[in-house]
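Let the hints inform the model, and build the full structure from the sequences given.
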Amino acid sequence: MKTASSSTISNPWVGILPAILLMAGFFAMPIAYTIGLSFSSDANQGFTLDNYRTFFSEDRLFDALLRTQILGLSVVAISSLIAFPLAYYLAFVLTPAWRTVCLFILVAPFWTSFTIRAFSWQLVLSDTGVIASFASMLTGLNISLGFLYTMAAAIFGLSLFGVMLITLMIYSVMITIDRRLIEANTVLGGNWWSAFREVILPLSLPGWTIGAVLTFIIAVGDYAVPALLGGGFKPVLAQVMLSVLKGTYDLPIAATFASILVILILAACTPLLLVVRSVRMQG
Amino acid sequence: MAITALPRRLLGLLFMTVVAIIYLPIVVMAIFSFSSSRFQTLPFRVGTVEWYVRVFTDGQYSEGFLNSILLASAVAVTATAIGFACAYSLVNSRIPGKTLITLFVLAPLAVPLLLVGISLRLYFAELGIQPSLWLVWIGQVLYVLPLAVLNLRNRIAQIPKSHEEASWALGASQLRAIGDVVLPACRFALLATFILTFTFAFDEFVIAYFLTNFSITLPIKIWTTLVTGFDPTINALGTIVFLFSMTLGIAAQALFMRKDVR
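Each protein sequence line maps, in turn, to chains A and B.
Following my numbering from start to finish, the first sequence increments by one per residue and tops out at 645.
Following my numbering from start to finish, the second sequence increments by one per residue and tops out at 264.
It is worth saying that the hints were derived from the structure and are not from the lab.
No experiment lies behind these values; they were computed from the predicted model shown.
Beta carbons: idealized from backbone N, C-alpha and C, even for Gly.
Incorrect hints may appear among the rest.
Per label pair, the in silico range of CB-to-CB distance [unchecked claim]:
id, chain 1, residue 1, chain 2, residue 2, range
1, B, ASN156, A, ILE382, 18 to 26 Å
2, A, LEU628, B, LEU72, 31 to 39 Å
3, B, LEU105, A, PHE418, 30 to 38 Å
4, A, LEU383, B, GLY130, 15 to 23 Å
5, A, ARG559, B, LEU26, 32 to 40 Å
6, A, GLY502, B, VAL79, 55 to 63 Å
7, B, LEU105, A, THR457, 32 to 40 Å
8, B, VAL79, A, ARG559, 46 to 54 Å
9, B, VAL21, A, PHE409, 47 to 55 Å
10, B, ARG260, A, ALA514, 35 to 43 Å
11, B, ILE23, A, VAL463, 16 to 24 Å
Spelled out as structure tokens, the structure:
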């Protein structure tokens, strides 16, 4: 039984089982069922690829998939460009006290829902919104931005979230970098840029990968921001999926969208697994 | 650190610009919430609390608020309890496939809520179970459980093993040792996890939208108001929800950073 010398508990499964059963019964099973459903149709008994044929032959649906991917990749690219200097600033320029304050300031607004934040951007960006009104008042012209309800607006809205998330992830790795490595670089005649390129950038890549993958997943799966900022004329996968559920209620087709989303996510997760493996091999 | 003044200032400027952009729409929404104009445009006509009064007198908002509070509390209690049991057992065991089990429990983090929502909807439809808040409860526990496990695992791993072993040596059962040693040692982390999971569940929209038909949570009410034509009450409600969630979030953040007394 339990002895003072062993540092493990005698029956770990009691504690782990509830979580596993929950995940198996209500996460793995439903997704497996959904993927199965995508290979069936009302007209056809048994296994069929009809839904996938429909998906890839209808421009409207295929375009939505392409748009979703462009959205996800753009959000990750833009967010990363801003997140690297921000994380560097937090980890290497600020004093520890200011670091805490600035992290709070950066993260705090994201505790509230996507829906409310997306809606609040409508107030600022719409053609009668704050920016357009200000510009009109200053110039005396009737300026309309034409920005709201475009793909660019959806990318913008999701990038704000991406900047926060990727900055946090890069920061959490950057803060653990041994400062002596950077000093060594300086002693050897390097400047801050070579320190960034040779030491900080390579060591921050695991944090960046996690942040980028999570941001991509959230961007391609989000519904609120594309609907409220991107508008309905050029829908992404999530919007088409919902319109099917609300409209024709063709469940196998909806399941097909979901399965394609699963494939997209699995593809995005590949770099994540590589990072997990390399980190485990190092430590 | 050989960083010169110029890049230092540029980085500071970048940080301030990003923060200004993030806060801009929320400040605008808060100002509009006091505007008597029905139109969401300049100039502001500031000086009314009408929309705030309406938030508290409209039965649908208060019903949604109550539903959301109850639901989020149930989700947070469940996720914190299951999460603690799982995190504690994972930290204190050497079972085969531990990494795989951890990845499995954390998997919902890597899946959009949309997918969780739609697959549960299709699955429950197949099983013949009607949409209800009970299903949202299950769905949202899935969504926040990984966060609970991650946060608690980190904290539990920091507890010196010797304390628990001492309590075992003194004849305490494993359960007793958990109650006497482990729980007190991570009480702030537990509270933070509760608040964190509560906040996520309180604001969660997609799963609730898919798994209910007639029950209204606050995010669903906000969404339907937004898409069925604009109502300035949303500005007031959005400001309230924003302050509420942000306060909880900051509290959780502060609790996580606090070192528990050992």
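Hint check results:
A C-beta distance of roughly 20 Å is found between ASN156 of chain B and ILE382 of chain A, which places it inside the suggested range of 18 to 26 Å. The hinted window of 31 to 39 Å between LEU628 of chain A and LEU72 of chain B holds, with their beta carbons roughly 36 Å apart. The beta-carbon spacing between LEU105 of chain B and PHE418 of chain A, approximately 31 Å, falls within the hinted interval of 30 to 38 Å. Look at LEU383 of chain A against GLY130 of chain B: about 21 Å separates their beta carbons, and that is inside 15 to 23 Å.
Taking the beta carbon of each, ARG559 of chain A and LEU26 of chain B are about 33 Å apart, inside 32 to 40 Å as hinted. At about 59 Å, the CB distance of GLY502 of chain A to VAL79 of chain B agrees with the hint of 55 to 63 Å. Range check, LEU105 of chain B to THR457 of chain A: Cβ separation about 37 Å, and the 32 to 40 Å hint holds. For VAL79 of chain B and ARG559 of chain A, the Cβ-Cβ distance of about 49 Å falls inside the hinted range of 46 to 54 Å, so the restraint holds.
Taken as a hint, the range 47 to 55 Å holds for the pair VAL21 of chain B and PHE409 of chain A, whose Cβ atoms sit roughly 54 Å apart. Judged by the Cβ atoms, the range 35 to 43 Å given for ARG260 of chain B and ALA514 of chain A holds: they are separated by roughly 42 Å. Between ILE23 of chain B and VAL463 of chain A, the C-beta spacing of about 19 Å keeps the proposed range 16 to 24 Å intact.
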